[in-house]
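Participant: Residue-level listing of the chains:
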Amino acid sequence: MADAVLTSSSPVRRATARPGAIRRFFQRKSTIAFLMALPLILLIFGLVIYPAFYAIYLSMLRKSMTSIAWMRNCSWLPDAICTRIPFGNMQFLFTRETFWMVVYQSCLFAITAVIFKAIFGFIIAHFVHNIPAKGQRKWRGMLLIPWVIPPAMSTLAWLWLFDPSYSAFNYILSGMGFGRIPWTGDASWARFSVILVNIWVGAPFFMIMYLAALKSVPDQLYEAAEIDGANWWQRIWYVTLPMMRNIIAITALFSTIVTFANFDIVRVLTAGGPLDQTHLFATWAFRLGIEGGDIPLGASVSLFMVPILAVAAVFILRDINQRGNEA
Amino acid sequence: MTAAAMASDKSAPTRKVQYGSMSRDRAWALRWSYFFLVIFAAFFLLPPIYMFITSLKTSAEISAATNPWWVYNPTLSNYAELLTKPEYLTFFKNSVIVSVFVVTITMLISIPAAFALSRMRFWGSATLATGVFLTYLVPDTLLFIPMFKMFAVFHEITGIQLLNRWWVLLVVYPTLTVPFCTWIMIGYFASIPKELDEAAIIDGASWFQTLTRIFVPVALPGIIAATIFAFTVSWAQFLYPLAFTTSVDQLVLPVGIITTLIRGDVFAWGQIMTGALLGALPPLIIYAFLMDYYIAGLTAGATKG
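Top to bottom, those sequences are chains D and W. Sequential numbering of the first sequence, starting at 1, is according to our numbering. Sequential numbering of the second sequence, starting at 1, is according to our numbering.
Keep in mind that the hints were calculated from the coordinates and are not lab data. Ideal placement from N, C-alpha and C gives every residue a C-beta, glycine not left out. A portion of the hints provided could be inaccurate.
What the hints assert, rightly or not - Counterexamples of contact, computed for chain D against chain W with all Cβ distances above 10 Å:
| no. | residue |
| --- | --- |
| 1 | ARG23 |
| 2 | PHE92 |
| 3 | ALA133 |
| 4 | LEU173 |
| 5 | ARG191 |
Stated by the list, open to error - Covered stretches of chain W, going by a simulated chain D footprint (3 or more residues, C-beta under 8 Å):
| no. | segment |
| --- | --- |
| 6 | 59 to 70 |
| 7 | 172 to 186 |
| 8 | 252 to 258 |
| 9 | 271 to 282 |
Can you build the whole structure from these sequences, using the hints too?
Facilitator: In structure tokens, the structure reads:
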């Protein structure tokens, strides 16, 4: 980019590099603008784009990181080609049962959590919207608290609520005559628990976004629908949802990215257990890469998040550009 | 809600509904709204409240078979113990230093960049603005492993050790805060009328003066929202410190509480809950006082200014 700025100015000041020319170059609007944005550019290239590509390179190495992990023994390819493909780590992952469990759990976790967050957020936003305007601020403030607390801290509280021997939930359940629930001890309950905590953290965000969207729907539309005899369900289906379509889509896509790449909640609540059944891509990559010392394998695992993140990002970008053009 | 549904059901045409029923429906809808809001609020506030309850208990009471939802002998000993514990104070200090520096760095990078991108076009500025937004969507969980290796390689080449130093977080956190802050600042700057900076330029102000004298004061609400966001993110960040720092004196609060207060299977729950509650307090206090800015920043993230 620096080159481009230089070359675009050179035809004008083609002559010798007089001090005046340099000063004038530095007074050009585009030069000043470029210099102002330079820290941002360096940050993005040095600490986001470079590491992202470095991760791809790392994922091709062996554990010792001195040689490349070629694929081997692929029956569907001639050996001469097969042993020239540097995806040995990926091939290894595909043969491991834990990997497929992580894929399954990540998808289950993200899809279920986002759907329930969206539903809860929608319902709560409606209730808040229903009550008189002067009380709304107070309720909104109270309901957003889970989003404000650092997730690692609030998950500790959940961990204590789920504690195997002193669980406060089990105390209530046994008081009502039910048996104890192994909240984090049993695989299916542990999956339920991490999703529940994720919903708890994320639903307020949906609530805030939907509330803002609800406020932007003109009252006349509801009045017109009511005069035409629409019941409350029809009003939601034919008026509210179409008006909020854009914000619903964008919030859900944002949340999909964040939820799919989640780390804090699973790490604190179950650390992937019992028996690796609640690992997501991020937590498993951490276990393999940082704790297990196999950086290439960890990088390979985390790279499997990219396709889904990329799809969500493309849709978000399209939505935002569309809205920018409409406005 | 159900009452409203029945009143306008197909079996009873709306024309025949008496005038009084509309307000009665509204009253019922209101009552149901409050009822469900109370239930949801109870669900949302349960963990912080339970944190507070536990933080007032002694270890003996925590392990006793009494009602966990009630404090029989309230005590502040957990708070006293934790606030005199040097390592906990170190975590707190590290967290404060890291967050304050990260917020400063973020603002110094993102405000000029947002100004340049929204007002002063240069080659590739539109692409860069989109790129900023895309980097905001790159999660930390994708970058921590290559960064870990990058810092190790950096140590081999230059001899400067970055791993296990708290200040490495000052280098790393801006990747999370700067893209978002730049993005919402671009939105705020774009909403400022062009006449304002044209007038300033005509009056002989330099671009830099236009930024500091005109744009920063006018876009102050946006800057506050971005500051709050940057602070909340750097205070809550858990993955990077967990991956990059290990020694007790280098840890920040979330990681410190989880790695030092939990030792094997022994959970000092009273202290853990106290520590977590105190750790959650700074963002909560900021939120309590600046809620409107907080929410403005939250909703601005998904919109183009």
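Participant: Now tell me, hint by hint, if it's right for this structure.
Facilitator: The hints, checked one at a time:
1. Interface exclusion of ARG23 (chain D) from chain W stands, the closest Cβ pair being 14 Å apart, more than 10 Å.
2. Listed as a non-interface residue, PHE92 (chain D) keeps its Cβ farther than 10 Å from every Cβ of chain W; the least gap is roughly 17 Å.
3. Distance to chain W confirms ALA133 (chain D) as a non-interface residue, since its nearest Cβ pair spans about 13 Å, more than 10 Å.
4. Every C-beta of chain W lies more than 10 Å from that of LEU173 (chain D), the closest at about 12 Å, which supports listing it as non-interface.
5. Even its closest Cβ contact with chain W, about 19 Å, leaves ARG191 (chain D) beyond 10 Å, as expected for a residue assigned away from the interface.
6. Given as covered by chain D, the segment 59 to 70 of chain W passes the check, having 5 residues with a CB less than 8 Å from a CB of that chain where 3 are the minimum.
7. Coverage of a stretch by a chain is defined here by at least three residues with a beta carbon nearer than 8 Å to that chain's beta carbons; for the segment 172 to 186 of chain W and chain D the count is 6, and the condition holds.
8. With a threshold of 8 Å between beta carbons, the proposed coverage of the segment 252 to 258 of chain W by chain D holds, since 4 of its residues qualify and at least three are required.
9. Here's how the segment 271 to 282 of chain W fares: 6 of its residues keep a CB closer than 8 Å to some CB of chain D, so the rule of at least three is met and the hint holds.
Taken one by one, the earlier hints all hold for this structure without exception.
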